[in-house]
Structures are given as C-alpha cells and as structure tokens.
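Colleague: Listed below are the residues making up each chain.
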Amino acid sequence: MSNAAVQHLMRGQSADGGWGAYAGTVSRTESTALATLALWANAASGEAGPLDAGRAWLETRQLASGAWPLGDDLAEPSWSTSLATLALSHFAPESERIASAARWLLGQKGRGTPWWGKIYFWFFPDRRAVELDPDLIGWPWMPDTFSWVEPTSYAVMALTRLGGAVDRGRVDGRLEEADRLLLDRACEGGGWNYGNTRVLGEELWPYPDTTALALLALAHRPEAAEVAEGLAALGRMLEENDSVLSLGLGGLAYRAHGVDATAVRERLALKLGAWEGGETRALAWAALALAPSEDPLGVRRA
Amino acid sequence: MPDRREFLRVAAGAAAGAALACGREAPEPWSAAAVRKPERSSVAIVPAPTYDEAGLLEAVRSGLALFDELDVRGRRVVLKPNLVEFDPAAVINTHPALIAATVEAFRLGGAREVVVAEGPGHRRDNEYLLAASGLAAQLRDTGARYVDLNHDAVRRVELASRFTELGGLYLPETVLDADLLVSMPKLKTHHWAGVTLSMKNLFGIVPGAVYGWPKNVLHWAGLGGSIIDINAALDVPRFNIVDGVLGMEGNGPIQGEAKQVGVLVLGADPVAVDATGARLMNIDPWKVDYLAAVDPFLGNVAEERIEQRGEAMSRFQADFAVIENFAGIKATAPITGG
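Protein chains in written order, with this note's numbering: chain B, 1 to 302; chain U, 303 to 640.
Hints are supplied without guarantee of correctness; some may be wrong.
Label-pair restraints from in silico Cβ distances [what the hints assert, rightly or not]:
hint	chain 1	residue 1	chain 2	residue 2	range
1	U	Asp373	B	Pro292	31 to 39 Å
2	U	His521	B	Ala232	47 to 55 Å
3	U	His521	B	Thr60	29 to 37 Å
4	U	Pro351	B	Gly117	44 to 52 Å
Rather than coming from a laboratory, the hints here were simulated on the basis of the structure. Quick reminder that beta carbons are idealized off the backbone N, C-alpha and C, glycines included.
Throw the hints in and build the complete structure from the sequences for me.
Modeller: Quick look at the structure:
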C-alpha cells in the first residue's frame, strides 16, 4: 500500500499530467519533477498512470537549450532544470535528453565578486557585509546571479547521477567546488539557511529544509565536521518544527547519513493523516522520505 | 557591498551623462506611466496601543473612515502583509491580529473578497512560517484565502522607471489583477535601505520561484532602485496600513529590537505614508535615498503636501535607533508634523 503522501499527490495532479506548486494551480517544473520522482520511488505501489503522465509532462517541456522553464507560464530556462534532470535520470540516464540538460547545468555558474568589488574590498576589507567566500562558485537561482545553498544542492544531486554522456572531469570539478561552497556556508552553530552565515556581524540561524538539502548534497562527506554539526542542528530544529516539508526533507537527510529516521517518519505519517492541503513539493519530499528504498533519490556516491 | 545609493545615482547619472554627451537635457529615469504624484496626499495616524483584536478592528475602521474616497464595495482587496521570517523573540512581521482586523474591516466595508497574499523572502517553508507566526490561525478564524505569491501565476511587467537595469519583472497575477492592493508593512528600520515601510514591503510580491530566496537579484540590481522600480511599475489602485503598534529599531528588518509606538498609519499614497512613517521614527525622509528620489513623480514626501488626518504625529513620535551606516538619516531638528 502506498504512503499517504503518494495518495495526496495523485489527487493533486493536474489534467495536463503536471503538478502545480499547490493543487489546482498552473503546472510547474519543480513540483512536477519532485512529484514524478516521488511516484517513481514508490512505484511498487503501482501508480504507473500518474507517473507516466508526470514523466511525459517533463519530457515535453524541455527547451532546445536542454534546460526546463519554470512552468507553462514562463518560458525562460530555470533553476528547476536540476530537479527535472534528477527525476528523468531515473528513466533514461544515458539519453541525449539528460546529456543536454547536464551541459546546460554545467554552463550555469553563480556570480562571484566583480572586479570593482574586489578592488573596493581590497581597500575597505571591513566593509564586507557578509562573512563568506563569495568567489566559491555553485549554482544560482537565476543565470548570472549569486550562488545559494538550495539551487547548488539541487544541481549537485542531479549531476551526481550522470553517467558517461558528459565530460566527467568537468562534472567532478564543479561538484568539488560545490562541496567547498556548501561547507563554507554552514551556520556557526551548525546547519544551513539559504546561504548566508553572518550579515553585518550578526549571526544568522539555520532552517531545517535548507539544512536537509545541504546534507543530501553532502551525503558523501560524512567525515566533514559541518555535516555532523548540521545533523545535530537538524535534530534540534525538528524538535520545534513539524511542517511536512521539514519532516520530509529531514527524514531523507537522516536516511542519507545512516541516522535512524523512524521517529521522524512516524511524525510525518501522523501529519499526513491530517493533511488539509499545502505545497506539492512538501508532499513529494514526504513521499520520498517514506519510500521503501534506503536511497530514494539515488544520489549516494560510491 | 556599496549598494545603498549607487543605482539611484548610476541610473540617473548614466542618463544624464549620455544626454549631456549628446548636447541635450537629461531625460528623467521614469516614463509618463510612472507619474502618479498627487497635488496633495492624505495620511492618517490612528492610535492602536495593543494588539487586542477588538481594539484593532475599531482602529482600522476608524482609520479607513477618514478616507471618504476609499470605496471597496464589490471589490477584490488583496492585503500584502510583511511576513518574511520568524523568531519568537523578535517583532519581525505584521501582526496577524492586525491582518485579521483589516480583513474584517474591508468585509464590513462591502469588499467582495479579501485575500491575504505574501511571498516570504527568506524561508520557503510556508506551512511553518504561517503556523509559527500565528497567521495560519487567524486565516482559519477569518476564513480569508491565502495566496503564496512566491508560486502564483505570473505575467511580465515592463518597468515604468529605470532606477535599475532590470527592464521588466515577472509579477504575480493575484497582485496585478487586484481591485485594491493594500501594503501592510511593519514600522521598521532596515540595515540596507534605512527604513522599510509600504514601498519596501512590496519586495514580497516578487516571486521567489522566479527570482529565488533571498530575492537577491533585487539587491544586486540596487536595493533603492528596485524599491522604486517595483512601486512605479504597479498600475494597481493602492492603499497602505502600517503596523506601528510595535515597531522595530536598530538592525532591522530581522534582528532589530522592538519599539512601542502604538499607532497605525494609513493612506493611499505610499510615498506620503512612508515619509510619515519615517518622521514617526524621527528619521528625515529626505535623507532616505529612495524616498527622496520618488518625490518628483510617484508621491509626496514634503510635509506641506501631506494632509495629516487623525491624531497629531507629535503625540506618538519615537526616536528609533539606526545602525551606524545610517546615522546620517536621523532628523537633526525636531519634526513637527501633524
């Protein structure tokens, strides 16, 4: 029997085969990719029809550049390409579709400090408002903007799954720098927020969802102190935060790092039993956390 | 990063430089579509000493009653509060009780529908943010529909001013199609912009799904310039209600300290409302770059062009602390408005 999140997801699927950010809203790539991935990870439950429709929605929206748009209401390439790639890589990992998506992703780079900024901060180092290394390059939300934790984590998960159809050396180089970026952006007491540790000298606090995403992207780095601190911070945050999104992503991150997620999954099941509507992506992450596989995203590295 | 003043000046300066090089007068960095400055504006200050729900409803209703021209009968009103983060120890957000009171006040005024809409700029976890802030409970009690502007359907809007190089923005249809958009900011100082009020609050309408979290594109484009360009682009009937019951001073908009003021500030002209809000905080609005820059076309900053309704400002004026970078925006002489 499929988990409750899958049932809610299937009820929220749009007639066009996609999913909106909320049930009944315009279909978007992020929610469709995550819902499709969630159905795939729970495929033993026999949801072939909705799964096929979700996959078809994604396949027909890929742009000639290899990227995916945000949704049908916005045609420009978007950060959600990572999630579409991650989802479709489970069906045809060696396909040209995935290779072209990967090439687009590899072409996306966060923006570092501009030359005039480097000169300015060379003269006035004390005026730097944030305490992070701005020249570590990951992935931005929009082309040619700053690198942040969430889009970087998505891109890492997508590129981790690529086979031999792309330049492996280039992929490994980007993944290695993304590791350093994520470790650099960890909050002082552990965990991650959107990607800033301090602003104007004030310490910022972590969030459970972004902490879990960073931990998923760093699943191959169990030895890193930031990972251990992040797992501890996630545990503290989940004591006070019982949103479906936080529990779902938190449960997934625990499983990726071999931490017992039984209690989190039980709380999640309870929450889903009382579900009154909300974000599709929260449901999808919950469905993935409750999936039978130990690595439902398929992003563990050897 | 030197971003506080640059784009206001770069945009105007670049246009002026290019024009001078061509031997003609510099064009203004806004088009006719952005010109909405009235001859005079009205701003009301209404006492609201606490977040007691009955008292707030009365305060909002009495404030709205000072604006005969505001007729919401049969209209769809979109309330845009400031809900950006949550910290149990801080007063970051527009208080949910004020949002609920405003929903009720507009319903009693005959509005066809009152929607609450926000696109939080830091946290993506809406379920958590709504529950922790107390807004979820108020939405349940009032039955008001909530729209997550970060994920709303969008349309591209060409900007009517050029204080940034953004050119256009994708904006949510819930906002663009509103019969009346009500900006409901918190009375706060801001560590990048000086003050955050009705105008800055509209950063929350910029959809995160398109521009990300935080909405850093706007910071890179120039914070002050982005505030201006977003406000100048919105060809939607506007009203503004500032939560000045408890404001935030110092390192706002997230990590500042609570400051009791005990008022609501209301008005249709966001520039005049924000200028009045700044004066309430003992901040000179002419020294807040983005406010001074919009006075020629978008709304009124000058006290003599703002008709004060309700209570006298002097009764509530509070000396808000600002961070060192913004020490220069404090009023150097007593502000006597109202």
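Colleague: Does each hint fit the structure? Answer for all of them.
Modeller: Results of checking the hints against the structure:
1. U:Asp373 x B:Pro292: 31 to 39 Å: 59 Å, violated
2. U:His521 x B:Ala232: 47 to 55 Å: 31 Å, violated
3. U:His521 x B:Thr60: 29 to 37 Å: The hint (29 to 37 Å, Cβ to Cβ) holds, given that His521 of chain U and Thr60 of chain B are roughly 36 Å apart.
4. U:Pro351 x B:Gly117: 44 to 52 Å: Hint holds: Cβ distance 46 Å, inside 44 to 52 Å.
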